[in-house]
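**Q** Sequence:
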Amino acid sequence: MSRPSIKSYLVQAIWNWCTDVGLTPYVLVRVDDNCVVPQEFVEDGQIIFDISSEATHNLVFEDRELSFEARFGERALRCRVPYRNIAGMFPQEEPNKGMMFSPNSDEPDEEIKQTPPKPVFSRVK
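Residues 44 to 168, numbered by my numbering, are exactly what the sequence shown covers, in order.
Everything labelled a hint here was simulated from the structure, so no lab data went into it.
Every residue, glycine too, gets a C-beta built ideally from N, C-alpha and C.
Where hints are given, some of them may not hold.
To be verified - The list that follows gives simulated cross-link-like pairs (lysine to any residue, SDA-like), each with its CA atoms no further than 20 Å apart: (1) K50 with P146; (2) K50 with D93; (3) K50 with F84; (4) K140 with S95; (5) K50 with V74; (6) K50 with L102; (7) K140 with I49; (8) K50 with R73; (9) K50 with E108; (10) K140 with L66; (11) K140 with C78.
To be verified - Simulated DEER-style distance windows between Cβ atoms: (12) N101 with P47: 17 to 25 Å; (13) S145 with R118: 30 to 38 Å; (14) P146 with P47: 16 to 24 Å.
Given only the sequences and the hints, what does the whole structure look like? Please build it.
**A** Below is the structure:
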């Protein structure tokens, strides 16, 4: 079983912080075929959602995707967004306090491939 994406933890942490301090959490999504979103609101391949408790129902931070129910006009929709499609998470009121993510920054098989330096042992006399 692969590890959950670190992005899932960062997104949830920013959501928790926004909620705790009374700010409105927004998520910026790069839309592709893996996203279930209202296509009529997609502009230039992106959509921004208000994912506050007041704007959504059944918000779930899953291992691989964010899902929630929201109303768009008269229509209710269950949205699903894989974390790899999340481009940013920020409070509406202070966008500079959020975090932007590079494309595909959470691919499941992506790991930091840095080899830690080997310890050097020397004899002390």
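**Q** Indicate, hint by hint, whether the structure satisfies it.
**A** Going through the hints against the structure:
1. The suggested pairing of K50 with P146 holds, with an alpha-carbon distance near 11 Å, which does not exceed 20 Å.
2. At most 20 Å may separate the alpha-carbon atoms for a hinted pair to count; K50 and D93 meet this at roughly 18 Å.
3. This hinted pair does not check out: K50 and F84 have alpha carbons roughly 24 Å apart, beyond 20 Å.
4. Between K140 and S95, the direct Cα distance comes to roughly 16 Å. Compliance with the 20 Å bound is thereby established for this hinted pair.
5. The suggested pairing of K50 with V74 holds, with an alpha-carbon distance near 17 Å, which does not exceed 20 Å.
6. Of the pairs offered as hints, the one joining K50 and L102 holds, with about 16 Å between alpha carbons and a cut-off of 20 Å not exceeded.
7. Between the alpha carbons of K140 and I49 the distance comes to roughly 19 Å, so the proposed pair stays at or under 20 Å and holds.
8. Only pairs whose Cα atoms come within 20 Å are accepted, and K50 paired with R73 is accepted, the gap being roughly 14 Å.
9. This hinted pair checks out: K50 and E108 have alpha carbons roughly 10 Å apart, not beyond 20 Å.
10. For the hint pairing K140 with L66, the CA-to-CA distance comes to about 11 Å; that is within 20 Å, so the pair holds.
11. For a cut-off of 20 Å, the pair hint linking K140 to C78 is broken: about 26 Å separates their Cα positions.
12. At roughly 20 Å, the beta-carbon separation of N101 and P47 lies within the given 17 to 25 Å, and the hint holds.
13. Against the hinted window of 30 to 38 Å, the Cβ-Cβ separation of S145 and R118 comes to about 33 Å, which satisfies the hint.
14. A hinted range of 16 to 24 Å for the beta carbons of P146 and P47 is consistent with their spacing of about 19 Å.
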